[in-house]
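Trainee: Make a model of the complete structure from these sequences and hints.
Listed here are the chains, written in short residue letters.
There are 2 protein chains.
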Amino acid sequence: MSRVYNFSAGPAVLPLEVLQNAQADLVDYKGCGMSVMEMSHRGKDYDAIHQEAIATFKELCGLGDDWSVCFIQGGASMQFAMIPMNFLGAGQSADYANQGTWSNKALKQAQMIGNVNVVANCQKDIPTRMPANDEFKWTAGAAYSHICTNETISGAELKVIPDSGSPLIGDMSSDILSCERDYSKFTMFYAGAQKNLGPSGMAVVAIRKEFAEKGSTSIPTMLQYRTYVDENSLYNTPPTWGIYIFGETMKWVKKMGKENLFKLNAEKAKKIYDVIDGSGFYRGTALKEYRSNMNVTWRLPTEELEAQFIKEATAAGMKSLKGHRSVGGIRASIYNAFPMAGVDCLVDFMKEFEKKNG
Amino acid sequence: MSRVYNFSAGPAVLPLEVLQNAQADLVDYKGCGMSVMEMSHRGKDYDAIHQEAIATFKELCGLGDDWSVCFIQGGASMQFAMIPMNFLGAGQSADYANQGTWSNKALKQAQMIGNVNVVANCQKDIPTRMPANDEFKWTAGAAYSHICTNETISGAELKVIPDSGSPLIGDMSSDILSCERDYSKFTMFYAGAQKNLGPSGMAVVAIRKEFAEKGSTSIPTMLQYRTYVDENSLYNTPPTWGIYIFGETMKWVKKMGKENLFKLNAEKAKKIYDVIDGSGFYRGTALKEYRSNMNVTWRLPTEELEAQFIKEATAAGMKSLKGHRSVGGIRASIYNAFPMAGVDCLVDFMKEFEKKNG
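In the order they appear, the protein sequences are chains A and P.
Heads up: the first sequence at position 343 corresponds to 381 in this note's numbering, and the numbers run straight through without jumps.
Heads up: the second sequence at position 125 corresponds to 163 in this note's numbering, and the numbers run straight through without jumps.
Bear in mind the hints are in silico, worked out from the structure with no lab data behind them.
Accuracy of the hints is not assured; some may be wrong.
For identical chains, the list gives no copy identity; a pair is met inside one copy or between any two copies.
Straight-line alpha carbon distances no greater than 20 angstroms define the calculated DMTMM-like cross-link-like pairs of lysine to aspartate or glutamate that follow [what the hints assert, rightly or not]:
#, residue 1, residue 2
1, K162, E55
2, K96, E173
3, K143, E269
4, K162, E90
5, K394, D315
6, K349, D83
Mentor: So, in structure tokens, the structure goes:
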């Protein structure tokens, strides 16, 4: 087996231990005679997987009984639609911060449904950044407010969660459970699973039960949050394999100790940013105070050098370092499961590349 | 390894060969250094998987370039919502056949959106059945018509596809690619993947491109069919692992030869129905002319005997034979991947059980 270092922004690297266990159990899960993929979602073997996944996640985020954790298919993009469909009624308005590509997509979907106030806008700023805390112009009486804690493409991360004055909803797709966060500041937060949580195919949605109950009752059943809350995400067949791998990944986080993991994440990012800052060759894309610990983005002096950098890195076993097609440059996505050895390999490569081409 | 015989209605048994190959490649897919679950959906390794899955399915169904095959998260239940949201505009009406639990769920979602004509109704009939061909009261000028080809719970299957006079949409969740069908009679057909196609977590939707273009443009992007058609199901991150297993399952069908598979399916079902018909003890739930070859449903003289039957069958390695919680009785779901040896085992057990308890 020869594993590469996979810097993909998502779907992304998963813990090797999780993959190896899933492999061992793939055809016959713990002696029950079938694969997890083949299990009835109403049976007790699957039920144990489902319940444990939810319980472990709630424990890691410090969520009490007033919260429900739901598995909703369609990724974060479906959440962009479901949130306003549920909570943005006629005569209401919602606050959206436009912080980059993803929060812009979220607010555009909301604008198809109802009135949106853009409370901050740094979507196109270069260097990339997040709004400062006093920059948000929150609206009194908004139905809810929506922020994105980490913009995967721009490589900017919100370090302080603002007080919006209305129910706060956070898209945490690319930095959930990667650093210390006070989740109690939110009324709802969600993440497409394919970065820090598991394989693609669902969003993990944490929502206060009383908020879910306030959602519209006139939209289709599958688009109402209460359907997932009331039926524990078992109204219809859930994405069982994805939930299984998510649960195993959460157990891996717990075993590792989330504080250890958060510390390691900061160290991994710092190693790359230190090379950038110590160089006249590499140029970080994000303002220093908003630098993401999950998606490290930078440029080289020319696009030709960037192409050469990516080509040589790929040949050296470091894959998917190309920046998002909409912005170019280099992006190293180093989520929870990304190993320190891969960061060390990249850092050595960066220094060597600068020496040869700088 | 000790595999059981898994009669689950879905998620259901997958081809052993597909599982074993997926197991071998789980940590390092064909030497590319990562799991399929970890691959960027924009990279060439995943792209090959995606394209081949679509091409194999189109070949098996005989679909030309005027058709698009889409992977849409949310299973068939999300299709129940998306179909009327896209195609049932104000001032229009749609024809729905109410043939059982699942088609009833579909029509209820449509009623939340617009005007529905129920063109046939045998939902609650006992014995369970499908509408006869001359029983459908199609509406001239309907926006579309919706049928379910196989009702998983009642164990009734539509043997002849009707001519509805409007664009025909078929829910084929539990019998897609299980028997000869003229797919060209449809404008759109779909199936939750977790029965004949792969693991849970998506519906495979085949839709004529020109029909998709007619859908509403004022609903959220993720709920418009054109989004999936125009972007080849890559507008956002698709459920990559599910698509991979779907593609492998389609290759297995192709290798086996679909005519051989269809013949085998009929033989498997006949073996069980023959025991039922040769017995004064077992009583088939569906009218003979509508008996499903995928979900064989029957009753025993008492509920106590049914419970005992299920208990003893489970102990003998035959799992998930319990009928759906809404109807009781026994259900043997014997999809494409269900092995003949499992049917033989069940048939022997049924005879033995009748001898002891009849």
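Trainee: State whether the alpha carbon distance between K394 and D315 is at most 20 angstroms within one copy, between copies, both, or neither.
Mentor: within (18 angstroms within a copy, 81 angstroms between copies)
Trainee: I want to check one pair: K162 and E55. Are their C-alpha atoms no more than 20 angstroms apart within a copy, between two copies, both, or neither?
Mentor: Neither. Shortest intra-copy (39 angstroms) and inter-copy (50 angstroms) distances fail the 20 angstroms Cα cut-off.
Trainee: Treating 20 angstroms as the Cα threshold, decide for K96 and E173: within, between, both or neither.
Mentor: Answer is neither: 32 angstroms inside a copy and 52 angstroms across each miss the 20 angstroms cutoff.
Trainee: Between K162 and E90, at a C-alpha cutoff of 20 angstroms, which is it: within one copy, between copies, both, or neither?
Mentor: neither (41 angstroms within a copy, 37 angstroms between copies)
Trainee: For K349 vs D83, is the C-alpha pair at or below 20 angstroms within one copy, between two copies, both, or neither?
Mentor: Intra 46 angstroms, inter 16 angstroms, cutoff 20 angstroms: inter-copy only.
Trainee: Within a copy, between copies, both or neither: which one fits K143 and E269 at a CA-CA cutoff of 20 angstroms?
Mentor: between (29 angstroms within a copy, 16 angstroms between copies)
When held up to the earlier numbered hints, the structure conflicts with 1, 2, 4 and fits the remainder.
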